[in-house]
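Asks: Kindly generate the complete structure, drawing on both the sequences and the hints.
Protein chains: 4
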Amino acid sequence: MHAIGVDIGGTKIAVGVVDEAGRILAQVRRETVADDVADIDRVIAEACTELAKEHEVGAIGLAAAGFVSPDRRSVLFAPNIAWREYPLAQRIEDLLEPDVPVVVENDANAAGWAEFRFGAAREATDMLMLTVGTGLGGAIVVDRELVRGKWGVAAEVGHMRVVPGGHYCGCGHEGCWEQYASGTALVRDARQAAIAQPARAQRLVELADGGPATITGPCVTQAAQEGDELAVELLSNLGRWIGEGSASVAALLDPELIVIGGGVGAAGDLLLSPVRKAYEAQLSALGHRPVASIELAQHGNEAGIIGAADLARR
Amino acid sequence: MHAIGVDIGGTKIAVGVVDEAGRILAQVRRETVADDVADIDRVIAEACTELAKEHEVGAIGLAAAGFVSPDRRSVLFAPNIAWREYPLAQRIEDLLEPDVPVVVENDANAAGWAEFRFGAAREATDMLMLTVGTGLGGAIVVDRELVRGKWGVAAEVGHMRVVPGGHYCGCGHEGCWEQYASGTALVRDARQAAIAQPARAQRLVELADGGPATITGPCVTQAAQEGDELAVELLSNLGRWIGEGSASVAALLDPELIVIGGGVGAAGDLLLSPVRKAYEAQLSALGHRPVASIELAQHGNEAGIIGAADLARR
Amino acid sequence: MHAIGVDIGGTKIAVGVVDEAGRILAQVRRETVADDVADIDRVIAEACTELAKEHEVGAIGLAAAGFVSPDRRSVLFAPNIAWREYPLAQRIEDLLEPDVPVVVENDANAAGWAEFRFGAAREATDMLMLTVGTGLGGAIVVDRELVRGKWGVAAEVGHMRVVPGGHYCGCGHEGCWEQYASGTALVRDARQAAIAQPARAQRLVELADGGPATITGPCVTQAAQEGDELAVELLSNLGRWIGEGSASVAALLDPELIVIGGGVGAAGDLLLSPVRKAYEAQLSALGHRPVASIELAQHGNEAGIIGAADLARR
Amino acid sequence: MHAIGVDIGGTKIAVGVVDEAGRILAQVRRETVADDVADIDRVIAEACTELAKEHEVGAIGLAAAGFVSPDRRSVLFAPNIAWREYPLAQRIEDLLEPDVPVVVENDANAAGWAEFRFGAAREATDMLMLTVGTGLGGAIVVDRELVRGKWGVAAEVGHMRVVPGGHYCGCGHEGCWEQYASGTALVRDARQAAIAQPARAQRLVELADGGPATITGPCVTQAAQEGDELAVELLSNLGRWIGEGSASVAALLDPELIVIGGGVGAAGDLLLSPVRKAYEAQLSALGHRPVASIELAQHGNEAGIIGAADLARR
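Chains as they are written, first to last, in the numbering used here: chain A, 10 to 323; chain R, 10 to 323; chain X, 10 to 323; chain L, 10 to 323.
These are calculated hints, taken from the structure and not from any lab test.
Among the hints, erroneous ones may be present.
Copies of the same chain are indistinguishable here, so a pair counts whether it falls within one copy or spans any two.
As the list claims (entries may be wrong) - Using 20 Å as the maximum straight-line C-alpha spacing, the simulated EDC-like pairs for lysine to aspartate or glutamate come out as follows:
| id | residue 1 | residue 2 |
| --- | --- | --- |
| 1 | Lys-286 | Glu-102 |
| 2 | Lys-286 | Glu-242 |
| 3 | Lys-62 | Glu-132 |
| 4 | Lys-286 | Glu-311 |
| 5 | Lys-286 | Glu-215 |
| 6 | Lys-62 | Glu-102 |
| 7 | Lys-286 | Glu-238 |
| 8 | Lys-286 | Asp-152 |
| 9 | Lys-286 | Glu-55 |
| 10 | Lys-62 | Asp-28 |
| 11 | Lys-286 | Glu-132 |
Replies: Written out as structure tokens, the structure reads:
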């Protein structure tokens, strides 16, 4: 059975028809206005209706950044779109032409599920997926099942606290993992280093071409690939936090595989090596247990579509 | 179907027949020698054989402190008994007179399962159990299933890191949660306070009756119940660490109920109130999600027997 | 001998004639343009010249936020004014009508010296002054002498690190004391609490009258004075960081008195009590040494003028 | 004028005649019983009397581990000898045959003074001395004067807190610098690594020749000199803590020179390089100030004698 997956971003929506092997057969993209909730509904429904004319579709899955109700029908809260206890599945069903069931999934869960079913973790039974981007998103698979939690809010891994009294987080707390293990953290650390250690940051500032405040993640990756000592340290430090936090998760969940997604994956082994080293150094009971593999995600930006579609079929 | 549960400690073994409602119908206790593995096998088998003569028994579950293989047949590693990849289930089956299947379970998992099936969490679907004793043990139930992990090593919650560069742990790492949220931590903090703030620690030292180094957990609880300011602070601090760490676990697992077991439960609300307050203060997305309940365990020392027996039936 | 003290702010300059008892006999205020260095010189020189016509003046002291050379002639670096290795004393002397020697002092040092000579610490020999404002400034007196350090940069107490991996600081590092012990920290913590614990922050948000992002320090103080639990906690937390950091300084310097200046002093005992409690709880070797007193500063905004004038006489 | 310096250890006493250039002209050593205070007095007095027969001596300085009164006459408290408000100088004067004035100094202060007057810091005016041994001792020189503090208890640098909630310290607190920057910390970290990362610790355990618990500081140094990766990391980590803590001290005191004494100096650049790197990386306002030099101490075990003698002359 084919299914449609929809990846709903703040200003863009990507919609694809996905087959049972996780392949995207057709795809359309639409722009939206983040604070116009009804417009988002309409754009989604039209795109789905359009694709459903060309493809026989048995289910629709919507991937949304936010808290999703356990019955997979509503978004309880979203940080970037004005959904509050919003019955998103029902609204889309009401607007659709074909009579196809709709479910909502958290976007990080959808992406993780794509990796679990058709990507880096397709042979695994217990997986931790980390999406290292603006924030740190996650998905957890235990014994082949996605962990959604009692109220649908599980796998908010970025808000595990890793430093008491640590960096402020947008969630109102201090020391959240995503403040140390995200692209945002990498950039902020690079900019701080350019202030605190200006001589060492020369190459970074050059690449940024506009002073410390314009350093970006790709600048750091490029400088590190050139061998710049500070840039290598910054990626290594990011990797250390990813690996050490993962070891804490492993103390709880004992996964066999940790999948790293998000833009920082472009750094390749400059990131993965320190992740693996830190994971192993920090893993409880090393020597009395196997060590989980740590691999890059395979589906990039399309993971949300693929995972949402596949979850809709279940 | 009745089942036998066996709780294997370092020097004592408790064996009970458990019915399907989680009641213990009969129980025997035996002493063992911790480093004589064959003796432990023999003592367990004899006790089970003896009880099986009086009761019809369909399965035997062994609760052991250590890493248990995912097939529930072997102990991979135990901190206090000389088991290393030890085929414990097979050994007991070989020695038993009745032909009854035997499984091995981690002791904290067994205790948690008892609470989940017949205790504080019997109405829950997603639970975190914390056993706050010498160390910090745990059990995790997700959607009605015990989380064992890929290699049977999940729910080692005490080794989630809560303070980078924090207290040394016996596992070789620093800052493990059990170094802040255990009876051992409480006692150590009390003794440290007696050195650092001698005037405030007078009542504690009096109760200990032998100087700072003899302060025990019950001393702290008693002093706190009398209203001693330092003792109340120490319990409050312990509670804070339990609650804050639980909030990190909740970011991953979104449980509906957190069950607190172990000796520190004797402190009642002097402990539970700060646990709940810290959990709520530290919980991600408070206001956009329900808050898990936090309750004391109901089965005390017998939880291992009850849980192991019930798990053996499954 | 009378002396003139000048307190140079980013946009305002206050100039006063100070007698040997630390009294201000006359005072004028002027506005300046922060990035027009020559204008600042001119405004200072004119104000001093004017006051020197009415009062016999033997020396002029300039209090400036920034690093001051050990010979007290130049500002090496200033965060808010465009001074870089700027020969400030010479420039003012060149523009002055009377022939009076000029010295430059760091503004926090000047304020601390005013408290030491004529204020809260006038009977002390060893003092730590903390100015808890936008940042955390300091002054250190050891055996009756101001500690300037080898290169004039001592007493930058706000940049002692108190939390590894802690809050980002404008200096480019993490975990600086001023990120925990300043008015800015208080406000930021209050705003974070309004996000993380909205129900508890109701009174604070009411007083702010414009949502979490408009909460100010005076809101917190007022709410705390009304008995609001969260506000009391926030001040208590600020006090704890002031006290605990002071205990670290005391391990190095063993002061007899710690003077707290800056706007947060308005909170009175709501702040001072937790400062004292935390200082004592964290002080090394309590019971084997006297405990320093902790008192509020007495000179408020005029401390810079008074201290700069008095230091110019020495 | 020649003076005698006495270095009083727990079980050994070293006594030397020191000339004005800091050279030891004669030296004797004696054994003592740590808890027999009168015996210690007698042994010191006899050794001094004996040396004073051969050398004209104008003053005697006693270096003692403990808190020394500001008048340099008494030991207020000592961790290893049963002195409590003990009038040590008077007792020795009473027992001496020659009529020579006696003063008491803290042993770390004495060692630091030796380096300041005749060793690594002889050209400096502002110095921080760190003695990295069993604990972390220190001495502070500001503008050519030893900082003793109001009550004689300054320069207890090892008890500056560097990690909130960090390692327990014998002083009763958590996270004291000496728990991260001492020989004891190095050994403990090495032993922990041997538990947590057994494969990487093979060479260390081999050198220890008796399992993880027998690893010593010299094992780590030797392994590091052979290029062992873990050992190099351990020294680097020790160096990082020394350097980062020193940067915090520099925020307060702006020293021109930091002198590293104690047994760990044997590691040479394997230790010094990471110290310097971390100091610079963590130093506030790098780029706007000179960076202090960091050098090894020059006087080894004799620093206490030399410094105490010289301080007695002042």
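Asks: If a hint holds in the structure, say so; if it doesn't, say that too.
Replies: Okay, the hints, checked on the actual structure:
1. Lys-286 with Glu-102: neither (48 Å within a copy, 41 Å between copies)
2. Lys-286 with Glu-242: both (14 Å within a copy, 13 Å between copies)
3. Lys-62 with Glu-132: Answer is neither; intra-copy 34 Å and inter-copy 46 Å both fail.
4. Lys-286 with Glu-311: Intra 29 Å, inter 41 Å, cutoff 20 Å: neither.
5. Lys-286 with Glu-215: neither (30 Å within a copy, 23 Å between copies)
6. Lys-62 with Glu-102: within (16 Å within a copy, 62 Å between copies)
7. Lys-286 with Glu-238: Cα proximity of Lys-286 and Glu-238: in one copy and across copies (18 Å, 13 Å).
8. Lys-286 with Asp-152: Neither: 26 Å inside a copy, 33 Å across copies.
9. Lys-286 with Glu-55: Classified as neither; 48 Å inside a copy, 47 Å across copies.
10. Lys-62 with Asp-28: within (16 Å within a copy, 58 Å between copies)
11. Lys-286 with Glu-132: neither (23 Å within a copy, 42 Å between copies)
Figure legend: structure checked against the earlier numbered hints; hints not met, in rising order: 1, 3, 4, 5, 8, 9 and 11.
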